[in-house]
Amino acid sequence: MILECLKAYNYRNLAATELSWNEKFNVVYGSNAQGKTNLLEAIYLFGHLKSFRNARGSDLIRHNAETARLNATIKRHKVRHQLEITLAKAGRTPKINGKTVQKLTQFLGHLRTVIFTPEELGIIKGYPAGRRALLDRAILQTDPTYLERVQEFDRVLRQRNQLLKQQSSFKELIPWNSAFVRTGGIIRYERINYLERFRSQLRLVYKEITGGTETADVHYSVAPGALQCLTEQLATDLDKNYQREQKLGLTLAGPHRDDLEFLVDDRLLRTFGSQGQQRSFLLAFKAAQVVDLEKQLKESPILLLDDLASELDASRQEGFFSFLLQRQSQVFLTAAQLPKLAISVRQTASYFKVDQGMIFLTTPE
Amino acid sequence: MLNSIPSFTRLVSELAKFPGIGNKTATRLAFFLLRQPEAETEALASALLDLKRRTRFCSVCFHITEEDPCQICTDKGRDDTLICVVEDPQALLAIERSRSFKGRYHVLHGALSPLDGIGPADLKVAPLIRRLEQGTIQEMLIATNFTVEGDATALYLAKLTQHLGIKLTRLAYGIPMGSELEYVDEATVNRAVEGRREL
Numbered sequence: 024m025i026l027e028c029l030k031a032y033n034y035r036n037l038a039a040t041e042l043s044w045n046e047k048f049n050v051v052y053g054s055n056a057q058g059k060t061n062l063l064e065a066i067y068l069f070g071h072l073k074s075f076r077n078a079r080g081s082d083l084i085r086h087n088a089e090t091a092r093l094n095a096t097i098k099r100h101k102v103r104h105q106l107e108i109t110l111a112k113a114g115r116t117p118k119i120n121g122k123t124v125q126k127l128t129q130f131l132g133h134l135r136t137v138i139f140t141p142e143e144l145g146i147i148k149g150y151p152a153g154r155r156a157l158l159d160r161a162i163l164q165t166d167p168t169y170l171e172r173v174q175e176f177d178r179v180l181r182q183r184n185q186l187l188k189q190q191s192s193f194k195e196l197i198p199w200n201s202a203f204v205r206t207g208g209i210i211r212y213e214r215i216n217y218l219e220r221f222r223s224q225l226r227l228v229y230k231e232i233t234g235g236t237e238t239a240d241v242h243y244s245v246a247p248g249a250l251q252c253l254t255e256q257l258a259t260d261l262d263k264n265y266q267r268e269q270k271l272g273l274t275l276a277g278p279h280r281d282d283l284e285f286l287v288d289d290r291l292l293r294t295f296g297s298q299g300q301q302r303s304f305l306l307a308f309k310a311a312q313v314v315d316l317e318k319q320l321k322e323s324p325i326l327l328l329d330d331l332a333s334e335l336d337a338s339r340q341e342g343f344f345s346f347l348l349q350r351q352s353q354v355f356l357t358a359a360q361l362p363k364l365a366i367s368v369r370q371t372a373s374y375f376k377v378d379q380g381m382i383f384l385t386t387p388e
Numbered sequence: 199m200l201n202s203i204p205s206f207t208r209l210v211s212e213l214a215k216f217p218g219i220g221n222k223t224a225t226r227l228a229f230f231l232l233r234q235p236e237a238e239t240e241a242l243a244s245a246l247l248d249l250k251r252r253t254r255f256c257s258v259c260f261h262i263t264e265e266d267p268c269q270i271c272t273d274k275g276r277d278d279t280l281i282c283v284v285e286d287p288q289a290l291l292a293i294e295r296s297r298s299f300k301g302r303y304h305v306l307h308g309a310l311s312p313l314d315g316i317g318p319a320d321l322k323v324a325p326l327i328r329r330l331e332q333g334t335i336q337e338m339l340i341a342t343n344f345t346v347e348g349d350a351t352a353l354y355l356a357k358l359t360q361h362l363g364i365k366l367t368r369l370a371y372g373i374p375m376g377s378e379l380e381y382v383d384e385a386t387v388n389r390a391v392e393g394r395r396e397l
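Chains as they are written, first to last, in the numbering used here: chain Y, 24 to 388; chain X, 199 to 397.
In case anyone wonders, no lab produced these hints; they're calculated from the structure.
Computed from a prediction, not measured in an experiment: that's the story for all the values here.
Note that beta-carbon positions come from the ideal geometry of N, C-alpha and C, so glycine has one too.
To give an idea of the interface, some chain Y residues facing chain X are shown, with a C-beta separation under 10 Å as derived from the structure:
| no. | residue |
| --- | --- |
| 1 | Lys126 |
| 2 | Pro167 |
| 3 | Glu171 |
| 4 | Arg172 |
| 5 | Arg178 |
| 6 | Val179 |
| 7 | Gln182 |
| 8 | Arg183 |
| 9 | Leu186 |
| 10 | Lys188 |
| 11 | Gln189 |
| 12 | Ser191 |
| 13 | Glu195 |
| 14 | Asn200 |
| 15 | Ala202 |
| 16 | Thr206 |
From just these sequences and the hints, can you work out the full model?
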């Protein structure tokens, strides 16, 4: 999939210009706080309908404006589509080819994006919720209907927690328990399945980026098993935790509490990883996600690389660019200064300068 | 400007309470009523009052009715051994329109939803259990909605009535009649595959 054009109206600080993008490499450069990341965020929004910066919908609208609009022309399987997102304080309205969609899942999947941003580096040392979200977003890009299953689980969990807070009788909990076990089992099953498939890619890519000295791995906090085993395990946990859950008023075990372990050479990255290892790991995670999407969907996602140069040393950058060259992905790369790119990349790339929200095509000397 | 006509403003405010009706539509409706002959307005007013004064819930099944028990409950041609449990009168009417069900009904008036503060005591569950305990009913078809809350309510009823030895059934779900598979959304196809049955 290719993003051909993007127009932004009242979106953060971006000026309302229509821009045509290079099908391969787009280098977006400019000083800090000019709007480079805002541009990546706008593209990302088409794939996730959410910002990667934890911004609320109203944060995306230019100060003093009521609504913002993003229009994209994309090309998928040789067909052009018009995507539109209108952002208002009340919410967002996505449209495909001028038509409003019935369900968000119909919109997701038209423009798949994978982002690498320094803002996500905190995930590796941060709370489990961040790592779960990282995984859920990856699954969602391969299968947009996963969103409905996550939403169903969340609803059941909230209903169940409410009952626990009210100190309700066990009899009232029973229907929510079975709903929790059924929906929770499915989430765990899909997460584990994804990681089982994903792991080998991650190892390969990590070796490629780092030059083959270390091995990366990822583990889910629940052991793999058949769907039925996972559901039964959840049911057992509910029984075991009942007394404590009643006291605390919340559900103690389930997909909403699970964690992912990121490992390099069998050592936990969270506690033992160096800064460089953390960056390489996150980048490898994203790159493996790209390969997986290509394999699963026979289509390359759009890769958004935010300020990559400041995050990787020269040799790792080299490793990563050689990985990129083997891909079909369209790439958007931001940098404060014009980055030094491999010659093969340099020849195909287009350069855009960002200055106070204005973006224009340049030819660097 | 409309504030200078208090009776008009009052009507608009009342109409704007309707579901799906905002201030603009309410104003349009009020202007329409204003232009109607007085007899028409009186007919509407008395219809509104009649609805409130004459209807109540059936003491047996809790459907809306003018006579208690309701027509469905007193209909001798219906099967007393079969009962269908629905969330609201609208659902009952939907099943009646299909003419596919010839048993009795029971309207719960809602579904379990702890987040909205709705528990079993807020639904017509206790009268349902009393009906089931009388021993005539042999099958209970649970036709609550296919939402997280509707499913939980169905499970709750199933657990609660287990000991009575009544056959429990749930409405089947899946592909709508007359639709082509390619146009059905993924979640529905998913459920239809899960709930497949032998030919």
